[in-house]
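Number of protein chains: 2
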Amino acid sequence: MGDFIVELAANAHPVHVAAGALDRLGELARAAGLKPARAALVTDSNVAPLYGDRAARALRAAGFDPAIVVVAAGEASKSLATLATVYDRLADAGLDRSSAIFALGGGVVGDLAGFAAATWMRGIAVAQIPTTLVAQVDSALGGKTGINHPSAKNLIGAFHQPRLVVADVATLATLPEREFREGLAEAIKYGAIMDAPMVAALEAAMPAILRREPATLAEIVERSLRHKAFVVQSDEREGGLRKILNFGHTIGHALEASAGYGSLLHGEAVAIGMGAATALSRACANLPAPDATRLLGLIEAAGLATRLPAGWRGAEFDRALKLDKKRAGAGVEFVLIDRLGHAFTRELGFDEIIAALA
Amino acid sequence: MGDFIVELAANAHPVHVAAGALDRLGELARAAGLKPARAALVTDSNVAPLYGDRAARALRAAGFDPAIVVVAAGEASKSLATLATVYDRLADAGLDRSSAIFALGGGVVGDLAGFAAATWMRGIAVAQIPTTLVAQVDSALGGKTGINHPSAKNLIGAFHQPRLVVADVATLATLPEREFREGLAEAIKYGAIMDAPMVAALEAAMPAILRREPATLAEIVERSLRHKAFVVQSDEREGGLRKILNFGHTIGHALEASAGYGSLLHGEAVAIGMGAATALSRACANLPAPDATRLLGLIEAAGLATRLPAGWRGAEFDRALKLDKKRAGAGVEFVLIDRLGHAFTRELGFDEIIAALA
Chain E
1 MGDFIVELAA NAHPVHVAAG ALDRLGELAR AAGLKPARAA LVTDSNVAPL
51 YGDRAARALR AAGFDPAIVV VAAGEASKSL ATLATVYDRL ADAGLDRSSA
101 IFALGGGVVG DLAGFAAATW MRGIAVAQIP TTLVAQVDSA LGGKTGINHP
151 SAKNLIGAFH QPRLVVADVA TLATLPEREF REGLAEAIKY GAIMDAPMVA
201 ALEAAMPAIL RREPATLAEI VERSLRHKAF VVQSDEREGG LRKILNFGHT
251 IGHALEASAG YGSLLHGEAV AIGMGAATAL SRACANLPAP DATRLLGLIE
301 AAGLATRLPA GWRGAEFDRA LKLDKKRAGA GVEFVLIDRL GHAFTRELGF
351 DEIIAALA
Chain G
1 MGDFIVELAA NAHPVHVAAG ALDRLGELAR AAGLKPARAA LVTDSNVAPL
51 YGDRAARALR AAGFDPAIVV VAAGEASKSL ATLATVYDRL ADAGLDRSSA
101 IFALGGGVVG DLAGFAAATW MRGIAVAQIP TTLVAQVDSA LGGKTGINHP
151 SAKNLIGAFH QPRLVVADVA TLATLPEREF REGLAEAIKY GAIMDAPMVA
201 ALEAAMPAIL RREPATLAEI VERSLRHKAF VVQSDEREGG LRKILNFGHT
251 IGHALEASAG YGSLLHGEAV AIGMGAATAL SRACANLPAP DATRLLGLIE
301 AAGLATRLPA GWRGAEFDRA LKLDKKRAGA GVEFVLIDRL GHAFTRELGF
351 DEIIAALA
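So the protein lines, in turn, are chains E and G. Take 1 as the starting number for the first sequence in our numbering and just add one per residue. Take 1 as the starting number for the second sequence in our numbering and just add one per residue.
These are computed hints drawn from the structure, not numbers from a lab. Nothing here was measured: the structure is a model prediction, and the numbers come from that model. Heads up, none of these hints are tricks.
What follows is a set of in silico ranges between Cβ atoms, one per label pair, in the way DEER data are often shown:
no. : chain 1 : residue 1 : chain 2 : residue 2 : range
1   : E       : D65       : G       : A84       : 27 to 33 Å
2   : E       : K35       : G       : D235      : 16 to 22 Å
3   : E       : A173      : G       : S234      : 50 to 56 Å
4   : E       : D235      : G       : A81       : 34 to 40 Å
5   : E       : R346      : G       : D65       : 23 to 29 Å
6   : G       : K322      : E       : A72       : 29 to 35 Å
Virtual Cβ for every residue (Gly too), placed ideally from N, Cα, C.
The following block holds chain E by itself, in its conformation from the complex:
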């Protein structure tokens, strides 16, 4: 229970969701076919003191020899400068083509360490061990890796599927409240775009979720990851269906960039982006008013805003929006929903999008 396979031909890999899975990391890695050898455990300055030793111990017990690489916590580490220090550490550690990188942390660590793995010796194995809710319900699975460029988020990156995903929901106990709540945005997204009953389940379970009851969290994480796996399996490289995962993200990314990375958390920006996408779905896709009301209510029940924060910087936002990777001429391919649980993309003009935020 809580284990499944992401079916991706040559890139198929297992996913484990369970409280306490961290202590089985080494055996799970071996079962996934990773060679016990010189390895790197990449983590950040918040996660290292909490879970670094346990992860390293679990790896050593299974015969891995991990060099521990700790980067500064925070979005600023998704930079070329931090990547350069990671490469230096990989070289010092003598990683070779049979080595694996274990990415222990949130989305920043997963994206950064995943990109390092994608580009070290033209690609070595990476295992994703997400410790934040955003990463557990979403970013650890799917193979997107990368870093930010000063001009836009995730501008530099690669597709590189993990060989293994291990989501230990017990690690969520130590997550600061704000980071916990932002993660709920991504779970709600899966309900909104492809699973109407999940919206109802989230509505009913929200009190238990906010108390962080492990069994409830495991259910939500697994349900989210199974949805993501389904989408990624149909469309590994984001040519079609996978685009619906960007619900709330086009605006969310531009908000993050224009607010200055880090002042809005990713999930907070996505929640606002989903708010705007709900308004656009009402205007352009006949989303019924009761569906819109429920979705906005669920986001707010998770403690997330659905509207722009005070001090929103319009000009910077517009510029960031227009640098979106999915832009096409004077518009962008935008994800809308026409009912809870059903999403599709449509090209919308930048002006329409900006108007919806007002």
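Go by the hints and put chain G onto chain E.
Below, chain G alone, put in the same frame as chain E:
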């Protein structure tokens, strides 16, 4: 004549070998399916004044809008620092997912611009337009891209197939003599590992080659690229057959690294590496003495050394060899030939390899 397709399923792409092809670059790019849009023409400070304008003009004539990005000529540009400046220029130029990067130059430009394309927005189109003999007979085809790390060459990189390769042999007229001759090492390699008649053809044609007769050069370039395409088609990611392309390269790479990048040219290092691999093939693979003599004679007829240069730094060489990407424990998977035109790999100990160089 001179055109063929590299058959790589989703990554299939055309190759054009002809004197004067540079002036048809734009139409060839459109024929290959590249969208006439904002683009980047990445080249270096040697090539830009010679061929930059012609390439840009050919692109504009076909509707492309190339931003010109010029990096310093030389191996030192295969660095994270130069890559960062390329990324900055791509952001300034507003490249999006439908944009292409045109890599005009030798192996350094091809590897650097190819890696930028591999990692910009998780991968955009790249066209390789090699202007050196090394790049025309070898590195422009195959999808290997990357940069160097201070500890070893090509340690950071990705597989990213070009959408188009255009080798204009007329551009070889301006190549400095030493860089021209180093390119012959890679052509000779194809004869040595998979085409014994090509060894004879190179022996016969060497005077015309050294006079740089365009028709002869076009034949040699096309024959080499067809061999490389055959190997890459069988083994895109270097799991098996493709490894034979590393004939002379295991030692060559370590020599380049230990001599300090740039003091030995790549092809010069490969020539010495082939010399040592020939000795090892005599010792370990029963390579007949006449075959060894012919191969060494051909390398020398191209004006290349088959033995270590004076001042060879043994300790640095050993260290670099042991960081080889193909290492396995106390040895490395090494390419040997048991006759002209037939190569295979075998694990050899570092000690054996080092002894063969003495």
